[in-house]
Every structure is written in C-alpha cells, then in structure tokens.
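> Chain residues, written in single-letter form:
There are 2 protein chains.
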Amino acid sequence: MGEITLVIHGGAGTILRSKMNPDMEAAYRKSLQAALDRGYQLLASGATATEAVVAAVRVLEDDILFNAGKGAVFNRAGRQEMDAALMEGKELRAGAVASIHNVRNPIELARLVMTRSEHVLLMGEGALEFARMQEMKMEPDDYFFSQQRYDQWKKLQGTHQTAMDHNDEDPAKKMGTVGAVACDGNGNLAAATSTGGMTNKAFGRIGDTPLIGAGTYANNKTCAISCTGHGEPFIRAVTAYDVSCLMEYRGLSLKEAMHFVVHDKLLKIEGEGGMIGVDAQGNGEMIFNSEGMYRGIKSSRGQNEIGIYRS
Amino acid sequence: MGEITLVIHGGAGTILRSKMNPDMEAAYRKSLQAALDRGYQLLASGATATEAVVAAVRVLEDDILFNAGKGAVFNRAGRQEMDAALMEGKELRAGAVASIHNVRNPIELARLVMTRSEHVLLMGEGALEFARMQEMKMEPDDYFFSQQRYDQWKKLQGTHQTAMDHNDEDPAKKMGTVGAVACDGNGNLAAATSTGGMTNKAFGRIGDTPLIGAGTYANNKTCAISCTGHGEPFIRAVTAYDVSCLMEYRGLSLKEAMHFVVHDKLLKIEGEGGMIGVDAQGNGEMIFNSEGMYRGIKSSRGQNEIGIYRS
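Each protein sequence line maps, in turn, to chains A and B.
Residue numbers for the first sequence follow numbering that gives the first Met the number 0, so the first one is 0 and each next one is one higher.
Residue numbers for the second sequence follow numbering that gives the first Met the number 0, so the first one is 0 and each next one is one higher.
In short, the hints are calculated from the structure, not lab data.
Don't take every hint at face value.
In the EDC-like style, the derived pairs of lysine to aspartate or glutamate whose C-alpha atoms are separated by at most 20 angstroms in a straight line are [what the hints assert, rightly or not]:
hint	chain 1	residue 1	chain 2	residue 2
1	A	267	B	90
2	B	264	A	247
3	B	220	A	263
4	A	220	B	269
5	B	89	B	247
6	B	136	B	124
7	A	267	B	247
8	A	267	B	117
9	A	264	B	247
10	B	267	A	90
11	B	267	A	117
12	A	89	B	22
13	B	267	A	247
14	B	264	A	90
15	B	89	A	269
16	A	89	B	269
17	A	220	B	263
18	A	264	B	50
19	B	89	A	263
Bear in mind that the values here come from a model prediction, so they are computed numbers and not experimental data.
Take these sequences, add in the hints, and give me the full structure.
Shown next, in the form of structure tokens:
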C-alpha cells in the first residue's frame, strides 16, 4: 500500500491573527481537526479517496463555523443557495450540484449525481427533484439559520455589494468554502468542494466550486485540487485543471504548479484565494495568496498540521 | 492589420448523407453561409472578434434549423432551457448563462453578464431577472415552438432516455449546439457557444456549453474554442481549455492540439462530438469524431467553405 494523505480547507480570505480571539481560534482548530481525523481514519482503514473526501467535507458541512451546508451564507434574496462538486481521478468521473437549498449535505448529492445519473452538473429545482428521488436527507430552513449569518447578510441587504464570506471585519464571521483532497493506498485521487457562496450574491450566481476544472478537479495522472476564493477569476483561469495541465504537459511538480497558479496566474486577474492539492505519490500542498486559509493536512508520512494564518 | 478568420458550427452528431434530402441540405448550407457572411463582414469592416462571434451566433439562434434560441429543443418538463457562453482572449473576460428561457438571444445575455455584471455565470430565474434589468429582448413561448421540435420531444416523453438532438434518424431533426470563434485584425480572439441542450434532458441539467474551459474558451496566447457534442464527457475532459494548455505548455499547433483532444482524449471517455478553433495567426480548424458536424470557415486567406458530413 502506498502513502495516504488527506488535505482539507475551510476557506481563504482576510483572516488576521490580530482580529481573532483565542476561543474562536480554538473552535476553528477543533473543527478542522475533527474533519481531518474523520477522513484520515477512513483512508487508514482502507477506504477510497472518494469516501475520505466526502466524509471530511460532510463534517465541515455539518459545522456552523464554515460556509457550506449548515453554515451557508444568505444570498441577495435572503436564502441559502449551496453548490458542491466531487471528482475521482481514476476514471475522471464527476458529479456536481449548483444552487440547491435544504439539502443537509450537498457533497452527498454531488456524489449521487456522479454515481446514479447520466449527468455531471444538475442545478436548482431539477437537482432538488433528483435529491428527493434519491431520498437525500433534507433539513428545514431552521437548520441552516444562524443569527450571526443572518446579521452578516442584513448588513449588506439592499445594496448590490457582495462580500466574500471570510472578508468581514469580524473573524467570527469569516467562514469559507470547504474542501478536501485525498490520495488513498491504491494511488487513487479524489477532490471535493462545497460552498454556500458569497453573502448577498445575486440570485442564480454560480461560482467556481461546482465547475469541474475551475474549483474542483482530480486525475490520477496528476493531482486532485480543491479551490477557495473569489470564484469569478478562478472560473476564468480554469484554475484546478490548470494545475493538472502544468504537471502533465510541462512536467512541474504539484508544489511548483500550485505555486505558479496561485501566486502568478491568479494574482494577474485579481484572483484572491487559495487551493489544496495532492498527487498520486501522496504529496500534499496548501497554497494561498490571501491573508489566511483555514487548512489541515494529515498523512502516512506523519504530517498532522492545522493552519489558519499566513505565518 | 493581421489575418482575419471566422469559424462557425451548428452542432455535431450522426449526420449521414444517405439520410439527408437535397432541400434540407440546401437549407442548412444557406443558413450556415448567412451566419458566416454576417460575422465575417463585421470582421472585414474592423469589428472586434467579440462582435463577430456574437453576430454569427445570433444568426444561428434566430434560425429554427439549429438547437439554440428559436430552435431550442424541449427538456423533460416540456420546456426549452437554453445555455450560452462568451469569452474574450485579450483579458480572459467571460460571461455565461444557464437554464434560461424566453430570451431571444442567449448569447447577448451572456455578453451582458460579461460586460455589466461582476459575475461570470448566472443561471435560471436569477439570470432572467438580470435579463429584465438589462431590457433584453424576450419572446413568448410561441416564438420558440415548432411542431417538429415538439414531436421530437413527444417521442421521448415519459421515458428517461435522452437524445442528442442531432442523433435522430431523421436528418431534418438533427440540429445542434451552435458556436463561433474568431480572430480579428488586431489578433484578438473570441469564442461564443449557444444551445438548447438535449431533447428530454432532465430539468436543471447543465452541459458543457456555458462552462468556461469545457465548451467555450478563448485566450489570445493560444486559441479560441467552441465545442459541440455530448456535454458530460466534454465537462470531465475540460475540453476547450485542454486544447489551450496543449498549445501553451506543450507547444502543439492548434490543429495538433484539437486533433489530439477530439480523436484521442475525448474518444477514451466516449466523448462524441467536435469543436471549432482559431489561433491568433488566423489559422482556423474544424475537427470532429462524429459522423458529421455542421460547420463553416471564412478567412482573409480566401477560405470560404461550408461542410456537413465527414467526407
């Protein structure tokens, strides 16, 4: 069995140590560690990369601290709209959902689109119809409501300004897209991303998260990538697949390719954010150009790290 | 001023000469030539690549023969849902819309998303709200209704089978995604794609057309690409951006890159269809792995060709 590695993120943005308090930081670290442990435990017991990334993302979706699932932000219409995507590196299978609501775990719905539909991307009411057919676990609006999220949205309501969920002044409100990438013992890769989008985003806006090649990509020949940041530049740069192409066509390592995309290509088009990646040898990387990124890595090489700030 | 080139497509699929009648073939040729002439005339008079591809796609959207705009197919709910995308190669600007209805020219709405919104991809009711704010030309359901399209859908209704619009036995019903790519006199590239999707597709399914990097991509450093075919493999292969990466990172020519993607990479994942492309030197290509592709090219080098079948 080869090396096993799990890398997770909980969003990138202006996360400053000076604005964080010890209790809040401890809460983030605890949540990130729980997701990391859950996914890694599965990998260690022989589960596939797909099972591990879905399990890790589920833990983050069920946590009010992060902008996905339970903690999703409000859009301009005062409602949560969530997106998620999953891709497997072995046969390039993929599933994604966009603009869904009331689904407890969007990443599970993305998995069912991949395994039980003939499509890759389903959106809106059609995706919800599919969710009901598949007997997905749904939750009432109350489940997703949090006073803090609501206040964050109310502050912006009535304007056309949007906020990256993690660029609020109060670090307690800086929650982001979540994601996980893994390499399992058979060298299979998988990537999963889930998000509630941007606070006050226009109804119907789709970011990079559910777009295969933009926010999420996996290919056993190269890497698995999950992105977080301002979605539009990530779409225009076809960010996740660009890392894969730099490795496959130009021979760059995972770290070199991710560094070039995050610190050169994305910055040129004002693409603030970051990404996590893993290759088929179990190398894992976490690279971002923002002030911070909630992140963690655990591997059979003994890595077990949680990070929040730039340094 | 450099070379100018316009390339268009009207969909790919099982288009057999033996099933076509002379009147139908003449109608397709006339429509393709009209779109080609319209876009090329603009380029020749100094218009930008963006203006040319939008104008050419508009002509095809207004034509009942093609599966876009007026001629869009019916989905499983008995309604037309249309997608479109536009990308400019100079600054990698892009705009796209998914699952919209009653908009006369979806490609114009994609252009307004690019130029007048902060987003790249808008879908469904949110995109329609944006369309109304921008005073887009809307049409009643009657405008989009055609008995032939309706009969095509009725044949499949009640089943979960889908049909590529151009894989019907009757060539008169074989209409496809439309697209255009152009190189203008300043070496700027643009790509535009518009579609009504697949007959009887699940409500809310999004294909490759509106996804930047999958069905549509443009970058002045490499190429502009518009794809047509079975959307899901095109999404999983990040098809349009893959051509660009093979050119930028591996040094392949436009033709070599398109050939490799269409005849090798796509075929390995059962990706039936094709694409049109242009590079910044004004080279244009039309490559497909299906029985046929409605297509045309016109350039300052004297090319002026319309094609339908493989040979």
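> All hints are to be evaluated individually against the structure, with a verdict given for each.
Status of the hints after comparison with the structure:
no. : hint             : in the structure
1   : 267(A) to 90(B)  : holds, 10 angstroms
2   : 264(B) to 247(A) : holds, 13 angstroms
3   : 220(B) to 263(A) : holds, 16 angstroms
4   : 220(A) to 269(B) : holds, 19 angstroms
5   : 89(B) to 247(B)  : holds, 15 angstroms
6   : 136(B) to 124(B) : holds, 16 angstroms
7   : 267(A) to 247(B) : holds, 17 angstroms
8   : 267(A) to 117(B) : holds, 17 angstroms
9   : 264(A) to 247(B) : holds, 14 angstroms
10  : 267(B) to 90(A)  : holds, 10 angstroms
11  : 267(B) to 117(A) : holds, 17 angstroms
12  : 89(A) to 22(B)   : violated, 47 angstroms
13  : 267(B) to 247(A) : holds, 17 angstroms
14  : 264(B) to 90(A)  : holds, 12 angstroms
15  : 89(B) to 269(A)  : holds, 15 angstroms
16  : 89(A) to 269(B)  : holds, 15 angstroms
17  : 220(A) to 263(B) : holds, 16 angstroms
18  : 264(A) to 50(B)  : violated, 27 angstroms
19  : 89(B) to 263(A)  : holds, 17 angstroms
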